[in-house]
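Assemble the complex: chain A is given as a structure, and chain B must be docked to it using the hints.
Protein chains in written order, with the working numbering: chain A, 1 to 110; chain B, 1 to 116.
Check each hint, because a few of them may be wrong.
To be verified - Some but not every residue of chain A turned toward chain B, in silico, with C-beta under 8 Å:
(1) Ser32
(2) Cys40
(3) Glu43
(4) Pro44
(5) Leu46
(6) Ser49
As the list claims (entries may be wrong) - To list a few chain A residues with every Cβ distance to chain B over 12 Å, as calculated:
(7) Gly16
(8) Asn22
(9) Ser26
(10) Asn27
(11) Gln63
(12) Ala67
(13) Tyr70
(14) Ser72
(15) Leu74
(16) Asp77
(17) Leu80
By construction, these hints were calculated from the structure, which means they are not laboratory data. In this text, a Cβ means the ideal position worked out from N, Cα and C, and glycines have one as well.
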Amino acid sequence: RKEVEQDPGPFNVPEGATVAFNCTYSNSASQSFFWYRQDCRKEPKLLMSVYSSGNEDGRFTAQLNRASQYISLLIRDSKLSDSATYLCVVNWVTGNQFYFGTGTSLTVIP
Amino acid sequence: DAGVIQSPRHEVTEMGQEVTLRCKPISGHNSLFWYRQTMMRGLELLIYFNNNVPIDDSGMPEDRFSAKMPNASFSTLKIQPSEPRDSAVYFCASSLGRGSDNQPQHFGDGTRLSIL
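With the rest of the complex left out, here is chain A (with noise of 0.2 Å):
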């Protein structure tokens, strides 16, 4: 099984659209959670971080379910420039280890 898991998509939403992505983690033991963007040819860049209460930033919102083992990400408002490939990352503080997944893609049509 792998460490972190999440539904590939594509994901094609028109403007102004909600769309929300979950992703599953293997180990109860993970600490740390984020969400990571990844434009075409780019380099992975930190979204959010997702703490254990929820928090939110604009238009984003992101969630963790340590109980299910799940984290989402909640965009609203969804704009053009929202298209992207979203990473979830679970981190386990031992040896600081970095679980990335597949990553889901995102198209938002005009």
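Chain B only, in chain A's frame:
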């Protein structure tokens, strides 16, 4: 602030040649990671270092690949001899591995490697 710096940005070489990729992590970060990304296989962790010591090199494809971190501010990934199947984007990332506080990885721009 300077981010993770990788060089070269692009490398095109013939198979059989030695390739050396370089990385300077963010100052003060004590963990460094080398990744390879292709369309077919996605993002793969090759090796990572904590405090200049290799911790997990199980992702290194074979003996042709080697990585070193002689000091806290520099690392190299070497391929010798290179083969066409090594063509990929190679990313270096660093993080401040400091325990339970959320410390993400920061990526360099990557090296786009083409082996002819």
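Exercise for review: Classify the label on Leu80/A as holds or violated, using whether its beta-carbon is more than 12 Å from each beta-carbon of chain B.
Suggested key: holds (23 Å)
Check your understanding: Closest CB-CB distance from Asp77/A to chain B, is it above 12 Å?
Key -> holds (25 Å)
Review point. Are all beta-carbon distances from Gln63/A to chain B longer than 12 Å?
Key: With a cut-off of 12 Å, Gln63/A remains clear of chain B, as the shortest Cβ separation is near 15 Å.
Review point. Would the least Cβ to Cβ distance between Tyr70/A and chain B come out above 12 Å?
Key: For Tyr70/A, whose nearest Cβ neighbour in chain B is about 17 Å away, the distance exceeds 12 Å, so it holds.
Review point. Once the shortest beta carbon distance from Ser49/A to chain B is found, is it less than 8 Å?
Key: At 4 Å from the nearest chain B Cβ, Ser49/A passes the 8 Å test, so the hint holds.
Review point. Holds or violated: is the Cβ of Cys40/A closer than 8 Å to a Cβ in chain B?
Key: violated (11 Å)
Check your understanding: Taking 12 Å as the cut and beta carbons as the points, is Ser26/A off the interface with chain B?
Key -> The assertion about Ser26/A holds, with a minimum of 16 Å to chain B.
Exercise for review: Would you check whether Pro44/A satisfies its interface hint, that is, whether its CB is within less than 8 Å of any CB in chain B?
Suggested key: With a closest approach of 5 Å, the Pro44/A hint holds.
Check your understanding: Does the claim that Asn27/A lies outside the interface with chain B hold up, using a Cβ gap greater than 12 Å?
Key -> holds (15 Å)
Check your understanding: Is the Cβ of Ala67/A more than 12 Å away from each Cβ in chain B?
Key -> holds (19 Å)
**Study point:** Whether Ser72/A stays farther than 12 Å from all C-beta atoms of chain B, as the label says
**Key:** Its Cβ never comes within 12 Å of chain B, the nearest being 17 Å, so this holds.
Point to revise | Cβ separation check - Asn22/A to all of chain B, threshold 12 Å | key: holds (18 Å)
In this structure, only the earlier hint numbered 2 is contradicted, and the remaining ones agree with it.
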